[in-house]
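Here are the chains, one letter per residue:
There are 2 protein chains.
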Amino acid sequence: MYSVIIAGGIGKRFWPRSRRERPKQLLDVIGDTTMLQMTYERLKVISDEKKIYIVTSQNMKESILKTMKGFPEKNIICEPSGKNTAPAIGLATTIILNKDPEAVIGVFPADHYISNIAEFKKSVAIGYRFARDHTALVTFGIKPVRPATGYGYIQYDKNVKVVEGSVYKVKTFAEKPNQSTAQRFLESGEFLWNSGMFVWKGINILNAIKHFIPELYSCLHSIGKSIDTAEFDATLKHHWAMIQSISIDYGIMEKAKNVYVVLGNFDWSDVGSWDAVYDLKAKDENGNVLIGDVATLDTQGCYFYSSKNLIAAIGVSNLIVVQSRDSILIVKRGDTERVKELVEMLERDRLTERL
Amino acid sequence: MYSVIIAGGIGKRFWPRSRRERPKQLLDVIGDTTMLQMTYERLKVISDEKKIYIVTSQNMKESILKTMKGFPEKNIICEPSGKNTAPAIGLATTIILNKDPEAVIGVFPADHYISNIAEFKKSVAIGYRFARDHTALVTFGIKPVRPATGYGYIQYDKNVKVVEGSVYKVKTFAEKPNQSTAQRFLESGEFLWNSGMFVWKGINILNAIKHFIPELYSCLHSIGKSIDTAEFDATLKHHWAMIQSISIDYGIMEKAKNVYVVLGNFDWSDVGSWDAVYDLKAKDENGNVLIGDVATLDTQGCYFYSSKNLIAAIGVSNLIVVQSRDSILIVKRGDTERVKELVEMLERDRLTERL
Chain A
1 MYSVIIAGGI
11 GKRFWPRSRR
21 ERPKQLLDVI
31 GDTTMLQMTY
41 ERLKVISDEK
51 KIYIVTSQNM
61 KESILKTMKG
71 FPEKNIICEP
81 SGKNTAPAIG
91 LATTIILNKD
101 PEAVIGVFPA
111 DHYISNIAEF
121 KKSVAIGYRF
131 ARDHTALVTF
141 GIKPVRPATG
151 YGYIQYDKNV
161 KVVEGSVYKV
171 KTFAEKPNQS
181 TAQRFLESGE
191 FLWNSGMFVW
201 KGINILNAIK
211 HFIPELYSCL
221 HSIGKSIDTA
231 EFDATLKHHW
241 AMIQSISIDY
251 GIMEKAKNVY
261 VVLGNFDWSD
271 VGSWDAVYDL
281 KAKDENGNVL
291 IGDVATLDTQ
301 GCYFYSSKNL
311 IAAIGVSNLI
321 VVQSRDSILI
331 VKRGDTERVK
341 ELVEMLERDR
351 LTERL
Chain B
1 MYSVIIAGGI
11 GKRFWPRSRR
21 ERPKQLLDVI
31 GDTTMLQMTY
41 ERLKVISDEK
51 KIYIVTSQNM
61 KESILKTMKG
71 FPEKNIICEP
81 SGKNTAPAIG
91 LATTIILNKD
101 PEAVIGVFPA
111 DHYISNIAEF
121 KKSVAIGYRF
131 ARDHTALVTF
141 GIKPVRPATG
151 YGYIQYDKNV
161 KVVEGSVYKV
171 KTFAEKPNQS
181 TAQRFLESGE
191 FLWNSGMFVW
201 KGINILNAIK
211 HFIPELYSCL
221 HSIGKSIDTA
231 EFDATLKHHW
241 AMIQSISIDY
251 GIMEKAKNVY
261 VVLGNFDWSD
271 VGSWDAVYDL
281 KAKDENGNVL
291 IGDVATLDTQ
301 GCYFYSSKNL
311 IAAIGVSNLI
321 VVQSRDSILI
331 VKRGDTERVK
341 ELVEMLERDR
351 LTERL
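Chains as they are written, first to last, in our numbering: chain A, 1 to 355; chain B, 1 to 355.
Next up, chain A with everything else stripped away, as it sits in the complex (with noise of 0.2 Å):
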């Protein structure tokens, strides 16, 4: 199996820790080393390394290679501009495919985090000779412990068991719910969170861009004709302006009939926020996640992370601190969504310095 890790993500969550040019897969937010790394990690288990490409822009791929030593500098895929999933899947799988006609990939976000990787791999296993098997679309859902309102659901039909507990057709995706409707999908049984990785023959999701994303189908076409060839860089620059920003899930997965999902049984969280790392991490006798040069009075409930400077803090309860660089922020737990409007905010005020 080929495997695509999607790590175009520019980064406003995870502000100030999250800059641009270093965006939240660039950070040890969660493990010791990178998220990127610890996808790529989870995927040598999967894929041989000389089969893993990483999908990126421009502007971060030296710090990709400075920090994954020995990455192969030829594996690592450059969107001239951020245009959404569909494009950067659609770029990856035309030069995989130039390669390797028959080629089976799996897609997978570099920014996730998966704490049961033996449950993962028996999930990608399952997913993969399903996909190399049939003209089918796979996608990983994850069985949902609470009603979490910060993901997309996939609802399966449980009644067309493809693969008995293990693959089922998939009936409708679902955008992020409000509270409410999240109770009534973690009650109903029929909804699991969508994780956001994939699995497919190259040339069957080819042709689901070729049927639903025409336009975006040419441009890779006229792309993948270049390959090897000396215009290659200015043929993909040149079609590239011309290509839509838009979602796998918007433009083939809600269309698709040929739509299937593999019952994900392993730990699985996007950690889309500071809440969701306050969350994952082990918390000290207080509820405290302290990182780096911290000192604390009567706090709980709080994570709070120092690069540098000394944090000191009294009497006060379920706050996310995050020092970083030249740039302190203060959140109370619950609103860390916000971070990304601030960020906004500073952007709109021109402290880009601060971005």
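Keep in mind that the hints were calculated from the coordinates and are not lab data.
Be aware that one or more of the hints could be misleading.
Okay, the calculated beta carbon distance ranges per label pair [to be verified]:
1. A:340 with B:334: 41 to 51 Å
2. B:345 with A:307: 21 to 31 Å
3. B:345 with A:281: 23 to 33 Å
4. A:125 with B:326: 45 to 55 Å
5. B:225 with A:326: 50 to 60 Å
6. A:307 with B:222: 49 to 59 Å
Calculated cross-link-like contacts (lysine-lysine; reagent style DSBU-like; alpha-carbon spacing at most 35 Å) [what the hints assert, rightly or not]:
7. A:308 with B:281
8. A:332 with B:12
9. A:283 with A:44
10. B:176 with A:12
11. B:283 with A:332
12. B:283 with A:308
13. B:308 with A:283
14. B:308 with A:340
15. A:12 with B:281
16. A:12 with B:332
17. B:340 with A:308
18. A:121 with A:51
19. A:61 with B:308
20. A:281 with B:12
21. B:61 with A:308
22. A:308 with B:332
23. B:281 with B:50
Note that CB positions come from ideal geometry on N, CA and C, so glycine has one too.
Starting from the known structure of chain A, fit chain B onto it as the hints suggest.
Structure of chain B alone, referenced to chain A:
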């Protein structure tokens, strides 16, 4: 009138802005200039500039001269070490009496805030005249406007009107009360906040020291004889080492019989904590005080001070946040009395480079 500014405070309460070599009196926590400078400006309205002295420690002398351009170096009296207020006042008195045996001397803390200078001037004039004409130790009391637990109190005798409506005989001094006692003090109408300011003839306070702290008097007498000789520094150092730390309140005022109080009508605060600073500052429409580079979303009732970094806050309320040099303090409003405790914890943990 001579004025002595007591500027020996070592400043833990305003960490991380206050540091060992820069205590509160050398910070601009309230106005645009330092507390010491503000005190000096107030006193220039009352005393001839040449008659204003500062008592401080040797290691603060340079900072004082740097921040108070033009202040005469010879009017800075340096204690070899901090011994609390009684020795500091005794030393300044000894030096002033050596020049002018008839001197009437006002004593003023360097780090208090007074907003109504005209009323302050009026009160000092009343105290000065009374001290000049009587064998009296005169304090200044402030009519309490709330049941403060952070101040000491002076109980005065309403029936002994020494000067109708302005000077009264003192009955007792009371330590910082608990909440219910403070409420009782307020309701009684007999208690005033102890401002820590005094006026007296130099000879009268020296006689009181002779009577109540004879060991201190004996040292001051020896030091006094060495003034204007080559032996002064050595004599001061030698005797100072033997002097016990003791406050003027505990050592003299609470024991002497000839203590009077001027009823001060001016707004006064000892600015004893970051909470006091928040209370004294003008707030914006969200009840926030924002100083330096600060960005907020949905944030109320906070004091944010940044010397250098951007502080960005979302969804928080009633916090004091102070970024200075290599440290960030985050305290719930109402808990800033505990900053001292925190600093002492850092001292124990030997994080002395932060202090």
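Evaluated hints:
1. A hinted range of 41 to 51 Å for the beta carbons of residue 340 of chain A and residue 334 of chain B is inconsistent with their spacing of about 32 Å.
2. A hinted range of 21 to 31 Å holds for the C-beta pair residue 345 of chain B and residue 307 of chain A, which are about 22 Å apart.
3. In this structure, residue 345 of chain B and residue 281 of chain A meet the distance hint of 23 to 33 Å, their C-beta atoms being roughly 24 Å apart.
4. Here the CB-CB span from residue 125 of chain A to residue 326 of chain B is close to 51 Å, well matched to the stated 45 to 55 Å.
5. Distance hint for residue 225 of chain B and residue 326 of chain A: a CB-CB separation of about 58 Å, consistent with the stated range 50 to 60 Å.
6. Between residue 307 of chain A and residue 222 of chain B the Cβ separation comes to about 56 Å, which falls inside the hinted range of 49 to 59 Å.
7. Between residue 308 of chain A and residue 281 of chain B the CA atoms are separated by roughly 30 Å; this keeps the pair inside 35 Å, and the hint holds.
8. Restraint check: the Cα-Cα separation between residue 332 of chain A and residue 12 of chain B comes to about 28 Å, which is no more than 35 Å; the hinted pair holds.
9. For a cut-off of 35 Å, the pair hint linking residue 283 of chain A to residue 44 of chain A stands: about 30 Å separates their Cα positions.
10. With a C-alpha separation of about 49 Å, the suggested pair residue 176 of chain B and residue 12 of chain A falls outside the 35 Å cut-off, and the hint is violated.
11. Proximity of residue 283 of chain B to residue 332 of chain A is assessed by CA-CA distance (about 22 Å); at most 35 Å being required, the pair is judged to hold.
12. Restraint check for residue 283 of chain B and residue 308 of chain A: the C-alpha separation of about 31 Å stays at or below 35 Å, so the hint holds.
13. Proposed proximity of residue 308 of chain B and residue 283 of chain A is supported: the alpha carbons are some 31 Å apart, at most 35 Å.
14. Annotation: proposed proximity of residue 308 of chain B to residue 340 of chain A holds, straight-line Cα distance about 23 Å (limit 35 Å).
15. Among the hinted pairs, residue 12 of chain A with residue 281 of chain B is consistent with the structure: their alpha-carbon atoms are about 34 Å apart, no more than 35 Å.
16. For the hint pairing residue 12 of chain A with residue 332 of chain B, the CA-to-CA distance comes to about 28 Å; that is within 35 Å, so the pair holds.
17. Restraint check for residue 340 of chain B and residue 308 of chain A: the C-alpha separation of about 23 Å stays at or below 35 Å, so the hint holds.
18. Between residue 121 of chain A and residue 51 of chain A the CA atoms are separated by roughly 16 Å; this keeps the pair inside 35 Å, and the hint holds.
19. Using a Cα cut-off of 35 Å, the hinted pair residue 61 of chain A and residue 308 of chain B holds, with the two alpha carbons roughly 32 Å apart.
20. Under the criterion of a C-alpha separation no larger than 35 Å, the hint pairing residue 281 of chain A with residue 12 of chain B is consistent with the structure, at around 34 Å.
21. Between residue 61 of chain B and residue 308 of chain A the alpha-carbon distance is near 32 Å, which keeps this suggested pair within the 35 Å criterion.
22. Straight-line distance between C-alpha atoms of residue 308 of chain A and residue 332 of chain B comes to about 23 Å, which keeps the hinted pair within the 35 Å bound.
23. Straight-line distance between C-alpha atoms of residue 281 of chain B and residue 50 of chain B comes to about 32 Å, which keeps the hinted pair within the 35 Å bound.
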